[in-house]
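Chains as they are written, first to last, in the numbering used here: chain A, 1 to 148; chain B, 1 to 107.
Just so you know, these hints were derived from the structure itself, not from any lab.
Every residue gets a Cβ at the ideal spot worked out from N, C-alpha and C, and that includes glycine.
Take the hints with a grain of salt, since some may be wrong.
Label pairs and their computed distance ranges (CB to CB) [to be verified]:
| id | chain 1 | residue 1 | chain 2 | residue 2 | range |
| --- | --- | --- | --- | --- | --- |
| 1 | A | ILE14 | B | ASN19 | 35 to 43 Å |
| 2 | A | THR64 | B | SER12 | 19 to 27 Å |
| 3 | A | VAL138 | B | ASP21 | 25 to 33 Å |
| 4 | A | ALA50 | B | LEU95 | 19 to 27 Å |
Counterexamples of contact, computed for chain B against chain A with all Cβ distances above 10 Å [unchecked claim]:
| id | residue |
| --- | --- |
| 5 | CYS9 |
| 6 | GLY10 |
| 7 | ALA11 |
| 8 | SER12 |
| 9 | VAL13 |
| 10 | ALA22 |
| 11 | ALA24 |
| 12 | CYS25 |
| 13 | GLY50 |
Facing chain B, from chain A, some residues (calculated, C-beta under 8 Å) [said to hold, decoys possible]:
| id | residue |
| --- | --- |
| 14 | THR87 |
| 15 | ILE108 |
| 16 | GLN120 |
| 17 | ILE123 |
| 18 | SER125 |
| 19 | GLY131 |
| 20 | THR133 |
| 21 | THR135 |
| 22 | PRO137 |
| 23 | SER140 |
| 24 | ASP144 |
| 25 | ALA147 |
Given next are the chains, with one letter for each unit.
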Amino acid sequence: MPNMTDRPNLVTKIIQAILTSSTAFSITPGTGGGSVFTITPPHKLRLMTAQGTNVTGGTELSATGYTAGGNTMGATAFGAPSAGVATNSNSVSWTAGAAWSAVVAIEIWDTSGTPQRLLQGAITSVTLANGNTLTFPVASISADASAW
Amino acid sequence: MYRVTCNGCGASVITPDGNSDALACPCCPEPHSHEESANSCPGMGLNHVGVECAHPAGGAECLAVTGPGEDCPGEHCHMMLDGCTVCRSCTLEWLGVMPVTPAVIRA
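The task is simple: from the sequences and hints, build the whole structure.
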């Protein structure tokens, strides 16, 4: 059976809605289509000392210079998808106020009253010394519709 | 991969793990004793209560967190002060594109 993902259309639209919207919105399914769900920007980037899975959260970094819940990715976290791929619109940085444990993964959450984890992925393990800054530049994080 | 850049002189190097030891710039690696500098601070053990910080910024950004009566952890000082532990602070910049996958759960 051929791949049934309608990447150029529906999936891309959903990704753009979730990752690019700068204001909260809800999707209300029709009868039998499931529950209403709301996505609330701005999204936040979290640093993890243990990677989770697509169904289980990882372990968030706890360290001086890092605020639990992560740093904002800006009003519009990702740009509009191009060929089904969206990348982050703004750089995100932290400066360690003490030696940090190794960071091995990232997660992206919205800012609902009960935040929702939206995306996760591994990075090459990195350890910060006191005073060092970790930066994820613009377009360094990608969400590809083909993965959805 | 990470680009590691010295915040002092701007020298940079690309490393697989962000290890700043790979930086070859002349900043910081002069031999000095952090402990000696920390122990000479007049505010040591007092969190600067009643004792002004020697740094021109007045201690506003001081990293010392030593409590009264506690030994200084040797991490005292401020950028640009002799003995500062962050005198070669670096910026580690993630290079490349990191794919992330969907993962929707509640906290």
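> Looking back at the hints listed earlier, which ones does the structure fail to meet?
Replying inline: No numbers; nothing is violated.
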